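So the sequence lines, in the order shown, correspond to chains A and B.
Residues 1 to 260, numbered by this note's numbering, are exactly what the first sequence covers, in order.
Residues 1001 to 1355, numbered by this note's numbering, are exactly what the second sequence covers, in order.
Just to be clear, a hint being listed does not mean it is correct.
As the list claims (entries may be wrong) - Simulated coverage check for chain A against chain B, where a stretch passes if three residues somewhere in it have a Cβ under 8 Å from a Cβ of chain B:
1. 95–104
2. 190–196
Stated by the list, open to error - If the Cβ cut is set under 7 Å, some of the chain A residues that face chain B in the computed set are:
3. T107
4. M113
5. Y123
6. E131
7. R135
To be verified - Quick list of in silico lysine-lysine cross-link-like pairs, DSSO-like style, CA-CA up to 30 Å:
8. A:K129 / A:K97
9. B:K1345 / A:K97
10. B:K1345 / A:K114
11. A:K97 / B:K1347
12. A:K129 / B:K1197
13. B:K1197 / A:K152
14. A:K152 / B:K1347
15. B:K1050 / A:K152
16. B:K1129 / B:K1010
17. A:K193 / A:K235
Just so you know, the hints here were simulated from the structure itself, not pulled from any lab data.
As the structure is a computational prediction, the values presented were derived from the model and not from experiment.
Beta carbons are placed, not taken as given, at the ideal position from N, Cα and C, and that holds for glycine.
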Amino acid sequence: MARKIGDVIVDLQNISLRFGGVKALTDISFNVKEHEIRSIIGPNGAGKSSMLNVINGVYHPQEGQIFFKGQLRKKMEPHEAAEQGIARTFQNIALFKGMTVLDNIMTGRNLKMKCNFLQHALYWGAAQKEEIAHRIKVEEVIEFLEIQDIRKTPVGRLPYGLQKRVELARALAAEPHILLLDEPMAGMNVEEKQDMCRFILDVNDHYGTTIVLIEHDMGVVMDISDRVVVLDYGKKIGDGEPDEVKNNPEVIKAYLGTSH
Amino acid sequence: MLYREAGQFKASYAEDARIFPIRQDRIGFWVLMLVFGVAVPLLTNEYWLKAILIPVLIFSLAALGLNILTGYAGQLSLGSAAFMAVGAFAAYNFMLRIDGMPFLVALVLAGLTSAAVGIVFGLPSLRIKGFYLAVATLAAQFFIVWALVKFPWFSNNSSSGVVTAQAVTILGYTFESPEAKYVLTFLIVAFMALLAKNMVRSSTGRAWMAVRDMDVAAQVIGFRLMRTKLLAFAVSSFYCGVAGALYAYTYIGTVEPEGFNLDLSFKILFMIIIGGVGSIMGSFLGAAFIVLLPIFLDNVVPALFGDALGAGFVSNFQLIIFGGLIIFFLIVEPHGLARLWQIAKEKLRLWPFPH
């Protein structure tokens, strides 16, 4: 492989997250290295999505420390995580339904836009230039994900598979360092899954983006991941390269199962 | 057949991002501007200008303000009339208390005052959503009208609370005739509509719509909810405030706080629902519909039924028809008149060979 796995970029240490009496995550530690594809797997309710929410600041864990690029991270809000280059997609598509594909992807670039609302109101000079400069970047993403023909379509009218792709486009438009993908292939047919895999690998290869992936399709996970972490009932039960995880008896018992 | 865009190629993103990317639309727009900006004041009479066109323009501006808040940013508000009142009384006091205050400056200051009040009453939106927010804005509606009545300072100690707008003078020219007032209103409204369109088609508008459609995702992408919502409240109240000031200065001339009651707020809300939520043009169509329909019914119903029905019956009957038509429109096209226009344009592009 051309890309080179770098140093640890996100390091989670002893993370515990509770909602009242419910323990969503208990004492979980793992790290993500630069440029790798890191998968999180586990049964439903294992705490996978909560894990992503912790990484990008939607949830604040009660215990544990997060080091981001070697720095201890204080309690942070989602928009601060976005400013530091963490983008994500959601398990249930979280696109802006009333806007076109183009506008949705343009929102991904909002943090790089510097004009204020008064300049926007006049739409003259700097504001227009900025809008067009970012449009060019967005068109690159549109081309990359092969969605040119739907750029002016309101996303509400698109089929599910394409909506997932637009959501990926919106996350990519931010040029993130880390991309958190929450079940990007759920509910897709085989062809759509193949397309999505290709895009994920291309993103990783082409932009060097670090990817944290939650997915239930074990074929996909074992094929494209560099390392896999396995959660069950909020606890970590396995961590390592795909082959290692596949043969871990605890993981087989909790999640993968055996043929009888 | 006339509405074809074949042969019109967009060679740059700037061309693609124009407000009217299709040439026929651009021509139509400028024709419309000329008709309403030049032909109408020259050709119509005082009744049309004073009773129909000026109020349509002013309510369009208020509806535009509410549309920014409700249609684009998704924050339901029932306080638009109160923000109009703030604008009207602020303009009055700036003109009254500062010597030589130019009208246009007073207008902007009135808008800014209204924006500041709007931000204060927008604070609850950070915690509550939807109908509950509507109830919180209802507080603005009642509180502001109450405050304007309670403290006579606002109406310069006028015993009845009624204030009379000062003469409108810009660069030595006094706008007295209905034609002059109409043109002034037209220019201000057109300019502010352009600003609104520019805001909603750039990053500011996308932030509003993102918060409207899915606030968690908007936050994860990097929008700040507080800043975005309060900006929407501020801009929306600014528009309503300017509309209120124009209402006092170019429309009725004398205003009292009770004139800006909840009924008016609801009327503005109906305007955007009928015209089109989340559409600049819809604000204008909705305002025209709500202002014109009663006048239309006033003339049509007696003509149809003659004097056979009593005057009291006729006026109630009009209300019934008015309500019925609103329900009819909402069922037939819940996205408002603006969407009807859009559908018509899409059909026209293919007409008369739809296959």
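Consistency of the hints with the structure:
1. 95–104: holds (count 6)
2. 190–196: Per the Cβ count (0), the hint is violated.
3. T107: Holds - the Cβ of A:T107 comes within 7 Å of chain B, reaching about 5 Å at its closest.
4. M113: Because about 5 Å separates A:M113 from the closest Cβ in chain B, which is inside the 7 Å limit, the hint holds.
5. Y123: At 4 Å from the nearest chain B Cβ, A:Y123 passes the 7 Å test, so the hint holds.
6. E131: For A:E131, the interface hint holds, since the closest Cβ of chain B sits about 6 Å away, which is under 7 Å.
7. R135: A:R135 check passes; min Cβ-Cβ to chain B is 5 Å, inside 7 Å.
8. A:K129 / A:K97: OK: A:K129 and A:K97 at ~27 Å, within 30 Å.
9. B:K1345 / A:K97: Judged against 30 Å, a Cα distance of about 22 Å means the pair holds.
10. B:K1345 / A:K114: Since the Cα atoms of B:K1345 and A:K114 sit roughly 35 Å apart, the hinted pair is violated (cutoff 30 Å).
11. A:K97 / B:K1347: With Cα atoms ~24 Å apart, A:K97 and B:K1347 stay inside 30 Å; holds.
12. A:K129 / B:K1197: 17 Å, holds
13. B:K1197 / A:K152: 18 Å, holds
14. A:K152 / B:K1347: Judged against 30 Å, a Cα distance of about 17 Å means the pair holds.
15. B:K1050 / A:K152: 42 Å, violated
16. B:K1129 / B:K1010: With a Cα-Cα distance of about 41 Å, the restraint between B:K1129 and B:K1010 is violated, given a limit of 30 Å.
17. A:K193 / A:K235: 29 Å, holds
Violated hints, listed in ascending order, are 2, 10, 15 and 16; each of the other numbered hints is respected by the structure.
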